[in-house]
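Trainee: Spelled out from the first residue to the last, the chains are:
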Amino acid sequence: MLNKTDLARYLALCLASEADFAEIYEEEEVSETVVSLNREVQDVVRAVKSGAGIRLYKGTQSVYGFTNTLDDAHLLPIIDDLRSALTKTDRTVAVDLEEVRVENKNPVKISFEDVPLADRVEFVFRAEAAAKAADPRIVKTQGRGLNVRQSVRIASADSTGRGKVVDDTRVRTRLMIEAFAAENGNFQSGGYAPGAGKGLEYWEERTPESVGEEAARSAVVMLSAKDCPSGKMPVVIDNEFGGVIFHEACGHSLEATGVAKNQSVFTGKLGQQIAAPCVSAVDDGTIPGAWGSENVDDEGNPQKKRVLIENGILKSYMIDRLNGRRMGMEPTGSARRESYRYEPTSRMSNTFICVGTDSFESLFEGIERGLYAKRMGGGSVNPLTGEFNFSVREGWLIENGKITCPVKGASLIGTGQEILLNIDKVSDNLARGQGMCGSSSGSIPTDVGQPAIRVSSITVGGTANE
Amino acid sequence: MNKQAWIARAAELGIAELEIYEELSEKREVTWFEGRMDTFVTSSVLGTSLRGIADGKTANLALEKVDDAKMDEALALLREQAAVKPSGDADELRAPEETEEVEAADDWVTPTMDEIAKALAELEKALAAADSRVTQVTELGWSEGKSVRTIVNSKGLDVRDGGRSQILYAGVAVSENGEVKSGYRVEAVRDLKKLDYAAFAAKAAEDAVHQLGAAPVQSGSYPVIFERRAMTSIFSALTDMFSGERIGQGISPLKDAADTAIFSDKITVADDPRCPDALSIANYDDEGCPTRRKLLVENGVFRQALHNTRSAKRMKTVSTGNGFKAGYASAVGIRPMNCSILPGEKSLEEMMKDMGSGLVITKLSGLHAGLNHTTTDFSLLCSGYVVENGERGRDAALITVAGNFLDLMKTVVDVGSDLEWEYHRIAAPSIRFASCAISGK
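Chains A and B are the protein sequences, given in the same order. Heads up: the first sequence is residues 1 to 466, going by the numbering used here. Heads up: the second sequence is residues 467 to 907, going by the numbering used here.
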């Protein structure tokens, strides 16, 4: 990693321009994915990446350069390009970097780098074996075991030379199991992919076997699935990864990236009712050991818990430093990026709808015909219009208040504004699920979550001709 | 990096074969917002990946900081990896092969920063003026990239390939009666000075304006045309069905389909990495295998899967030169390169006339989640327009289209003539289908 003296020297050079702020983000990441099919290792993709990104601001203009060869010969030309883009000056700034120490809320007990590869492979094999053993109709299993350590050093200074440098290390582990079930020529798959911001000790609290069994259960259920009916209907969306609905339908539109440029449906709505009164939601990057947690954001500011919606009222956006300038608001510690190859922007961390008071069973009461989305797939949203879509991986029909039979091929569409107001029940079984969220600053780990919720009406797209 | 020293040391440590893949990529991007430069990004990144074969097994490692002094440490990781692989499953590194390289058209003109700024400023004005309902130019940028790949291995292979591109993109917001919609346009631009700003702006604005007032149609089964952009996006998302690896693993829907009719006989699919009309070409794949043109589907019959060296070996055939990586750090996978559904005779307008009434789908969303790659079932948010008496009628939005891609492709009525590569590596013309399930009101 670059030392404090070099960082100060590079930052001082950056500030010999009309820039009023300069930042160097340095990163070293070791990542490894074990790819397995039927308990045979297909590939081990191990990568050691290291590089730095340099960013300068002038007001709300931003210039960014990055390289992975960290010496003067490569960094100085980039700094020169960036200064030119913001107009060079001969200003000399003495940069003084204060070393900021942050409490490590995500300590790791068993680092994957200290464990033999064969042991890391075993976690994947155990999950696959459990999936295979779960049902005779499971004919194939695919497993992926991901382990990552990302160490970052973030140094920044303003035009007075006052600055800080902060280090953080993020460790993550995840198992992604896909089970394939076959019966009478019908071939279906089911998947499950939990993970955490922890070391390998995580697989003691959530066993690999439980991951494989859940993937197998979902695949087998889909063997008897009928085509999903279409049209507007009440939908119960279960907990854990079901929270992707809030992530897509609302979360992205509360990121300052869109809000600051008046490109979100929620721009200017602070203090207003944007959701049903039974809905409160937070984005909390401080949950110890959570998949989307980190001690500091990718601008070196402490991660925070942000209350986004309280009893339906919009309370806060998620704001990075640059968009904070545009909005005249303080950053909320929400700047994130995939790697040094991306300029950070406001992103989610662990985002979820808070626990409610309705019982799970009561969500189905009074529904004559509706959809129970037990497992969600992914989705996407256009923050400007609020239009979202997402797929249902495991859906069930609700008939006369009862869950009846599984259905396949369902997708949910609508607008975020509408769906938030149409949530009429929130249950008490809050749980979070893990995902990778893609946006302009790359693909980052985020938790989604919620207790089971009921939406009084959503357009369901299905394949059944009814 | 002293590559020969790495190869020699690997051999001493029992790694009989070693491949060193390097990719140098350079990028420059300028974005523009409200009358001035918003962001500028410049970069130069070198990535190296090693593929070694030890005890008849393959191992991979990607590095960004290559230190000859730490050679043994890196090679030890390869040995550790080989030990957990099943035996008898080694990739084969390629020996040098004779091939006649094709020269890519090198008519890219690199603009200066001043020229980029001037063009973006003018384009912003053109976008704002393109339609009275444009309320904001939400996004505007210029991006250019160059990359060079080199592949060297212990069998004496030493090849080099590369590419470049220049992309202009813009987004606009339009509003009418309180309704807001967005439009987007991306174009590969070889010479910025020759760009028709008004035409570019008009297309971006048109994309958004058409969605104003668009409403769901009644749920039901409709005759449909997937316009080329929508067809390209769904076809692109499902080309993994042709992967020899997925077929070999039994998870492709084409696993037992060799030489059988999988699509309508009106459909022929070609993969041609050296296609001169496409945005970029590749003489070699990422294993150094020379590329070539092949028909994957001929008049509806599945003729050829895509292979890298490993999948070819497993299925006792030869690589098709499609061993491409998802990035320098990933293992060699299988990807189509300049793969298209070959165009037919009719224009979109002619197909609309023939259809009489139905729907034209212009845009599909949620392709990363709303598709089942094992069964090809899909259920996707889409937008487009209604066709009445063969003419374009009202616009449709917030509807979903659902079905099974393989079934759908058996019901092709006509294949359009409007194939365009634009900035894509996978492309399709507009295609008319007998019917498809639409969910709306």
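Among these hints, one or two may not hold up.
Unchecked claim - Which chain B residues face chain A? A few, computed with CB under 7 Å, are given here:
{"id": "1", "residue": "VAL507"}
{"id": "2", "residue": "GLU546"}
{"id": "3", "residue": "SER553"}
{"id": "4", "residue": "THR578"}
{"id": "5", "residue": "SER631"}
{"id": "6", "residue": "GLN684"}
{"id": "7", "residue": "SER685"}
{"id": "8", "residue": "PRO689"}
{"id": "9", "residue": "SER901"}
To be verified - Below 25 Å or equal to it, Euclidean Cα-Cα: the simulated SDA-like pairs (lysine to any residue) are:
{"id": "10", "chain 1": "A", "residue 1": "LYS226", "chain 2": "B", "residue 2": "GLU581"}
{"id": "11", "chain 1": "A", "residue 1": "LYS269", "chain 2": "B", "residue 2": "GLY644"}
{"id": "12", "chain 1": "A", "residue 1": "LYS304", "chain 2": "A", "residue 2": "GLU418"}
{"id": "13", "chain 1": "A", "residue 1": "LYS105", "chain 2": "A", "residue 2": "LYS269"}
{"id": "14", "chain 1": "B", "residue 1": "LYS591", "chain 2": "A", "residue 2": "SER50"}
{"id": "15", "chain 1": "A", "residue 1": "LYS88", "chain 2": "B", "residue 2": "GLU581"}
{"id": "16", "chain 1": "B", "residue 1": "LYS907", "chain 2": "A", "residue 2": "GLU213"}
{"id": "17", "chain 1": "A", "residue 1": "LYS269", "chain 2": "B", "residue 2": "LYS612"}
{"id": "18", "chain 1": "B", "residue 1": "LYS536", "chain 2": "A", "residue 2": "LEU117"}
{"id": "19", "chain 1": "B", "residue 1": "LYS779", "chain 2": "B", "residue 2": "ARG769"}
{"id": "20", "chain 1": "B", "residue 1": "LYS536", "chain 2": "A", "residue 2": "LYS269"}
{"id": "21", "chain 1": "B", "residue 1": "LYS829", "chain 2": "B", "residue 2": "THR705"}
{"id": "22", "chain 1": "B", "residue 1": "LYS612", "chain 2": "A", "residue 2": "SER50"}
{"id": "23", "chain 1": "A", "residue 1": "LYS232", "chain 2": "B", "residue 2": "LYS829"}
{"id": "24", "chain 1": "B", "residue 1": "LYS721", "chain 2": "A", "residue 2": "SER50"}
{"id": "25", "chain 1": "A", "residue 1": "LYS58", "chain 2": "B", "residue 2": "GLU610"}
{"id": "26", "chain 1": "A", "residue 1": "LYS58", "chain 2": "B", "residue 2": "LEU808"}
{"id": "27", "chain 1": "B", "residue 1": "LYS721", "chain 2": "B", "residue 2": "LEU808"}
{"id": "28", "chain 1": "B", "residue 1": "LYS732", "chain 2": "B", "residue 2": "LYS907"}
{"id": "29", "chain 1": "A", "residue 1": "LYS232", "chain 2": "B", "residue 2": "PRO689"}
{"id": "30", "chain 1": "B", "residue 1": "LYS876", "chain 2": "B", "residue 2": "GLY716"}
{"id": "31", "chain 1": "A", "residue 1": "LYS402", "chain 2": "A", "residue 2": "ARG369"}
{"id": "32", "chain 1": "A", "residue 1": "LYS88", "chain 2": "B", "residue 2": "HIS839"}
{"id": "33", "chain 1": "A", "residue 1": "LYS402", "chain 2": "A", "residue 2": "LYS269"}
{"id": "34", "chain 1": "B", "residue 1": "LYS531", "chain 2": "A", "residue 2": "GLU113"}
{"id": "35", "chain 1": "B", "residue 1": "LYS779", "chain 2": "A", "residue 2": "LYS402"}
{"id": "36", "chain 1": "B", "residue 1": "LYS779", "chain 2": "B", "residue 2": "HIS839"}
These aren't lab readings, by the way, just hints derived from the structure by calculation. What you are looking at is a predicted structure, and each value in this text was computed from that prediction instead of being measured. Glycine included, C-beta positions come from ideal geometry on N, C-alpha and C.
Trainee: Hey, LYS269/A versus GLY644/B, does the alpha-carbon distance stay inside 25 Å?
Mentor: holds (16 Å)
Trainee: Does the CB of SER901/B sit less than 7 Å away from some CB of chain A?
Mentor: Since the shortest Cβ distance to chain A is 10 Å, the answer is violated.
Trainee: With 7 Å as the cut and Cβ atoms as the points, is PRO689/B at the interface with chain A?
Mentor: Violated: closest Cβ of chain A sits about 14 Å from PRO689/B, beyond 7 Å.
Trainee: For LYS402/A and LYS269/A, compute the direct alpha-carbon distance and say whether it is at most 25 Å.
Mentor: Violated: LYS402/A and LYS269/A sit about 38 Å apart, past 25 Å.
Trainee: Does the structure keep LYS779/B and ARG769/B at a Cα separation of 25 Å or less?
Mentor: holds (18 Å)
Trainee: Does GLN684/B hold up as a contact with chain A if the rule is Cβ-Cβ below 7 Å?
Mentor: With a minimum Cβ separation of about 10 Å from chain A (threshold 7 Å), the hint on GLN684/B is violated.
Trainee: A closest beta-carbon separation below 7 Å is what the hint needs, so does SER631/B meet it against chain A?
Mentor: violated (17 Å)
Trainee: Taking 7 Å as the limit, does the beta-carbon of THR578/B come near enough to a beta-carbon in chain A?
Mentor: Violated: closest Cβ of chain A sits about 12 Å from THR578/B, beyond 7 Å.
Trainee: Would the pair LYS226/A and GLU581/B pass a check requiring their Cα atoms to be no farther apart than 25 Å?
Mentor: violated (58 Å)
Trainee: For the pair we were handed, LYS232/A and PRO689/B, check the Cα-Cα distance against 25 Å.
Mentor: At roughly 22 Å apart (the allowed maximum being 25 Å), PRO689/B and LYS232/A satisfy the hint.
Trainee: With a cut-off of 25 Å on the C-alpha distance, tell me whether LYS876/B and GLY716/B pass.
Mentor: holds (22 Å)
Trainee: Hint check: is the beta carbon of SER685/B less than 7 Å from a beta carbon of chain A?
Mentor: holds (5 Å)
Figure legend: structure checked against the earlier numbered hints; hints not met, in rising order: 3, 4, 5, 6, 8, 9, 10, 12, 13, 14, 16, 17, 20, 24, 26, 28, 32, 33 and 35.
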